[in-house]
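To get this note's numbering, take the position in the sequence shown, counting from 1, and add 1273.
Do not rely on the hints blindly, as some may be mistaken.
[Unchecked claim] Across the chosen pairs, the derived CB separations fall in these ranges:
1. F1321 - M1296: 36 to 42 Å
2. Q1322 - A1344: 31 to 37 Å
3. T1326 - L1289: 51 to 57 Å
4. Q1329 - E1357: 36 to 42 Å
5. H1334 - R1366: 46 to 52 Å
6. L1277 - V1313: 49 to 55 Å
These are computed hints drawn from the structure, not numbers from a lab.
Ideal Cβ placement from N, Cα and C applies to all residues, glycine included.
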Amino acid sequence: MGSLETWSAVAASFLLLQCIVGMLILAALGFGLWKGMAWVVAHADLAFQKAHTYLQEGRRHLRRIEQRVSAPFVRANALLAGAEEALRVLRQREGGDHQ
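Produce the entire structure from the sequences given, and follow the hints as far as they go.
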């Protein structure tokens, strides 16, 4: 077979190859993070504008639903208040200030 120096050179070259591959992986991860953050920064304003649009649309739907749900109660409360006021006026007219 070969001498000890040959095998040590082969082992050293394999270790060097592993180190190079590891450094390439780390460099690729760093480059990907750098480009990804640049993309996020470039598109953040557009994303916030879209989110604001969807938030406003959701608020409109919520207001519409709240109005639809609360409208019968508001009408009933107004009818009750009107009836109470009419009774109060009738009692005042009929003879005295009864409350």
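Hint by hint, which ones does the structure fall short of? none
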